[in-house]
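There are 2 protein chains.
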Amino acid sequence: MSKIAVLGTGMVGDTIGSKLIELGHEVMMGSRTQGNEKAKAFVAKHNGKASAGTFAEAAGFGEIIFNCTAGVGSIEALKMAAEKDLDGKIIVDIANPLDFSNGMPPSLAIVNTNSLGEEIQKTFPQTKVVKALNTMWCGLMVKPAMINGGDHSTFVSGNDANAKEEVKKILKSFGWNEANILDLGDITTARGTEMFLPLWLQIYTATNNGAFNIKIVS
Amino acid sequence: MSKIAVLGTGMVGDTIGSKLIELGHEVMMGSRTQGNEKAKAFVAKHNGKASAGTFAEAAGFGEIIFNCTAGVGSIEALKMAAEKDLDGKIIVDIANPLDFSNGMPPSLAIVNTNSLGEEIQKTFPQTKVVKALNTMWCGLMVKPAMINGGDHSTFVSGNDANAKEEVKKILKSFGWNEANILDLGDITTARGTEMFLPLWLQIYTATNNGAFNIKIVS
Chain A
-2 MSKIAVLGTG
8 MVGDTIGSKL
18 IELGHEVMMG
28 SRTQGNEKAK
38 AFVAKHNGKA
48 SAGTFAEAAG
58 FGEIIFNCTA
68 GVGSIEALKM
78 AAEKDLDGKI
88 IVDIANPLDF
98 SNGMPPSLAI
108 VNTNSLGEEI
118 QKTFPQTKVV
128 KALNTMWCGL
138 MVKPAMINGG
148 DHSTFVSGND
158 ANAKEEVKKI
168 LKSFGWNEAN
178 ILDLGDITTA
188 RGTEMFLPLW
198 LQIYTATNNG
208 AFNIKIVS
Chain B
-2 MSKIAVLGTG
8 MVGDTIGSKL
18 IELGHEVMMG
28 SRTQGNEKAK
38 AFVAKHNGKA
48 SAGTFAEAAG
58 FGEIIFNCTA
68 GVGSIEALKM
78 AAEKDLDGKI
88 IVDIANPLDF
98 SNGMPPSLAI
108 VNTNSLGEEI
118 QKTFPQTKVV
128 KALNTMWCGL
138 MVKPAMINGG
148 DHSTFVSGND
158 ANAKEEVKKI
168 LKSFGWNEAN
178 ILDLGDITTA
188 RGTEMFLPLW
198 LQIYTATNNG
208 AFNIKIVS
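Top line first, the protein sequences correspond to chains A and B.
Take -2 as the starting number for the first sequence in our numbering and just add one per residue.
Take -2 as the starting number for the second sequence in our numbering and just add one per residue.
These are computed hints drawn from the structure, not numbers from a lab.
Glycine included, C-beta positions come from ideal geometry on N, C-alpha and C.
Treat the hints loosely; a few may be bogus.
Among chain A residues calculated to face chain B with C-beta under 10 Å, some are [claimed, not checked]:
1. T110
2. N145
3. D148
4. H149
5. S150
6. T186
7. R188
8. G189
9. P195
10. W197
11. T204
12. A208
13. N210
14. I211
15. V214
Which chain B residues face chain A? A few, computed with CB under 7 Å, are given here [stated by the list, open to error]:
16. S104
17. V108
18. I144
19. N145
20. L179
21. L181
22. T186
23. M192
24. L196
25. I211
26. K212
Isolated chain A, as found in the complex (with noise of 0.2 Å):
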């Protein structure tokens, strides 16, 4: 069992959290300020389990870190964290960078010759950063289970082999199938992942229903 960060106090964060201490992890929730009423929720709901603390405190507990900030804001929040805090540390990257500032659907900030994942590690080069998980809602993230049997698709991108081996241990304790977790090589694959997000948005607002993955069949 690891000591695990998770930065963001959205609903991500609440579902990766909540998973992680079912698992037996000791997690804090990271926020941009003390005191964050989401934080403290996420605290008492789990008796104790919890804990929460500024994005600084809590990547210097964590010995792996979950990105789960709005993607938009994810680099300054982890600048908010001191270097010692996140060097040689895994940063599993599940955020996205949509830009609701022009309205629905959003747009995305950082695109197309570069990615999210891309600009965390060029920001922090003495993390290793894994983009995961990025590519569905949050409920199928922790439980593939709940739809086709737990057989459709998920992704890995990351410059570090062994750092996308962790990522991929945890993967496989949330319930996904190895043969289900592609690696698609290093971080420049993020650009992948998350430019297909617009059309994730779309498959949504197409069927009324966010509990859906794609399966890539052959």
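Dock chain B against the given chain A, drawing on the hints supplied.
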């Protein structure tokens, strides 16, 4: 049966055109210049059931126009046709605006807040553009049964409901099940299917197999 223009002499145009001929349609393949060698070979192999001409001649011939040109050249290709050759017609846009000018992987020349499908619709407002089939290898476009018993997903985007129905009929004649054809909405949803291409290319690279597709599972 219809008179159909297939613009583009590459693998996609050849595959689509051959299937349309097999189904009994009259096909004219269009290319930039008269006497294009690939177009001549296409005509020859179909024993007089196909013809070839310039983009303008093919567009004028077709009641329906399939855009199978390279995406970065599609607007220019269509501009070689006179307005009277295009107005009122359905353009089935299969192209993706892949820009290989900076090597591999390609970026998208039009992306995020616009798409090739939209750009064609805006440039030729009297046509009915339907984005379709651009999310897979051309072999699967015309023979979905090649994998997974034909059970995988395809998309249509367009502003004209009747035009989308016409294109769905063609997709069904290719072997697509109605239940696997998802109407994403108006032509702006071409953004999503075009932005899927980077992930498509990464899956292809990671698996070394282009004969795959995605299936939406829920």
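Against the structure, the hints:
A least Cβ separation of about 5 Å between A/T110 and chain B falls short of the 10 Å threshold, and the interface hint therefore holds. Evaluation of the A/N145 hint against chain B yields a held restraint, the C-beta minimum of about 4 Å falling below 10 Å. A cut of 10 Å between beta carbons decides the hint on A/D148: the least distance to chain B is about 7 Å, and the hint holds. With its C-beta approaching chain B no nearer than about 5 Å, A/H149 sits inside the 10 Å limit, and its interface hint holds.
At a threshold of 10 Å, the smallest CB-CB gap from A/S150 to chain B is about 8 Å, leaving the interface hint in force. The interface hint given for A/T186 is met, as the beta carbon of that residue sits about 5 Å from the closest beta carbon of chain B, less than 10 Å. Interface hint at A/R188: satisfied, since its Cβ lies 5 Å from the closest Cβ of chain B, which is below the 10 Å cut-off. Because the beta carbon of A/G189 sits about 4 Å from the nearest beta carbon in chain B, less than 10 Å, this interface hint is met.
Annotation: A/P195 was flagged as interfacial toward chain B, and the flag holds, the nearest CB pair being 4 Å apart, inside 10 Å. Satisfaction of the interface hint for A/W197 is found here, the shortest Cβ-Cβ separation to chain B being roughly 8 Å, below the 10 Å cut-off. With 10 Å as the threshold, the beta carbon of A/T204 comes within range of chain B, its nearest partner Cβ sitting at about 7 Å, so the hint holds. Annotation: interface hint on A/A208 holds; nearest CB of chain B at approximately 6 Å, less than 10 Å.
Nearest Cβ of chain B to the Cβ of A/N210: about 6 Å, under the 10 Å cut. The hint holds. The beta carbon of A/I211 is positioned within 10 Å of a beta carbon in chain B (closest approach about 4 Å), and the interface hint is therefore held. At a threshold of 10 Å, the smallest CB-CB gap from A/V214 to chain B is about 4 Å, leaving the interface hint in force. For B/S104, the shortest C-beta to C-beta distance to chain A is roughly 5 Å, which falls under 7 Å, so the interface hint holds.
Interface hint status for B/V108: upheld, as the beta-carbon distance to the closest one in chain A is roughly 5 Å, under 7 Å. Against a cut-off of 7 Å between C-beta atoms, the interface hint on B/I144 holds, since the closest Cβ of chain A lies about 5 Å away. The closest approach between the C-beta of B/N145 and any C-beta of chain A is roughly 4 Å, which is under the 7 Å cut-off, so the hint is satisfied. At about 6 Å, the closest approach between the beta carbon of B/L179 and any beta carbon in chain A falls short of 7 Å, and the interface hint on this residue holds.
Residue-level restraint check for B/L181 holds (minimum Cβ-Cβ distance to chain A is 5 Å; threshold 7 Å). Taking 7 Å as the C-beta cut-off, the interface hint given for B/T186 holds, the closest approach to chain A being about 5 Å. Of the supplied interface hints, the one on B/M192 holds, with its beta-carbon coming within about 4 Å of a beta-carbon of chain A, less than 7 Å. Interface restraint check for B/L196: the shortest CB-CB distance to chain A comes to about 4 Å, inside 7 Å, so the restraint holds.
A distance limit of 7 Å between C-beta atoms decides the matter here; for B/I211 the minimum to chain A is near 4 Å, and the interface restraint holds. With a least beta-carbon distance of about 5 Å to chain A, the hint placing B/K212 at the interface is held under the 7 Å criterion.
The structure meets every hint from the earlier list without exception.
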